[in-house]
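Peer 1: Each chain is listed here by its residues.
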Amino acid sequence: MSEVVKKFMYLNRKAPYGTIYAWEALEVVLIGAAFDQDVSVVFIDDGVYQLTKGQDTKGIGMKNFSPTYRTLGDYEVKKIYVDRASLEARGLSQDDLVEVAWEDFETEEEIDNIVEVIDSARVSELMNESDVIFSF
Amino acid sequence: MSILHTVNKSPFERNALDSCLKFATDGSALLLFEDGIYAALKGTSVESPMSDAVGRLKVYVLGPDLKARGFAEDRIVEGISVVDYAGFVDLAAESDKVQAWL
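Protein chains in written order, with numbering that gives the first Met the number 0: chain A, 0 to 135; chain B, 0 to 101.
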């Protein structure tokens, strides 16, 4: 593995199912997990819809990839951020979103839910602090 | 001359819904499906134009797309009816033409 650890941000702006972006982003995050980087996954605009609870795609004949978000903690993703203004514009709150648990298998440190709702200004800061932004 | 208007794009990402509401005349039908279903939800920034639309158009939302995206029927704006795929076909068959706002 590379010794240089970079700050990778995966920026999600699209709703799931209507286009392939959300699913592709998730695949890239999972693949990227193999590279031991400092990863944050951010959901803004329609991207916040990716995290809604209770998705059931049986009726539309597509794979429901929503449960995969809950496994992100197992792929060394420790930072998941959601833009508050995007949620509010869509009549949503954190209660509508899935929870993602995280555990450090060596220290046994546990966090029940790493999904954090933050202000837009904080999203901007995080973007500025990243070395690379992967945009979907 | 009845038209069924369909919108399958998110109202927060495209202007398909805006244009549809601007051009659809009173009494015509509007079906929201795929990412268009987000316009049917309560509490959004487009709830006001949607409530106005319900007053002059027959507004429908495709149930399977609502469910796929994690929303129960109690989350939709008053006056919008949920239809299934067969209902979609019926609406298309009953209308003289279909205008898809892609």
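It should be emphasised that the hints constitute simulated quantities derived from the structure, not laboratory data.
Just to be clear, a hint being listed does not mean it is correct.
Unchecked claim - Now the stretches of chain B that chain A is said to cover, found in silico as 3 or more residues with beta-carbon under 8 angstroms:
#1 22 to 32
#2 38 to 52
#3 68 to 81
#4 85 to 94
Since we're looking at a predicted model, the values are computed, not measured.
Glycine included, each C-beta is placed from N, C-alpha and C at the ideal position.
Peer 1: Confirm or reject each hint.
Peer 2: Taking the hints in turn, this is what the structure says about them:
By the rule of at least three residues with a Cβ nearer than 8 angstroms to a Cβ of chain A, the coverage given for the segment 22 to 32 of chain B is violated, with 0 such residues. With a cut-off of 8 angstroms between beta carbons, the segment 38 to 52 of chain B has 6 residues touching chain A; three or more are needed, and the interface restraint holds. With 4 residues carrying a beta carbon less than 8 angstroms from a beta carbon of chain A, the segment 68 to 81 of chain B meets the three-residue requirement, and the given coverage holds. With 0 residues having a Cβ less than 8 angstroms from any Cβ of chain A, the segment 85 to 94 of chain B misses the three-residue criterion, and the hint is violated.
In the structure shown, a violation is registered for the earlier hints numbered 1 and 4, in ascending order.
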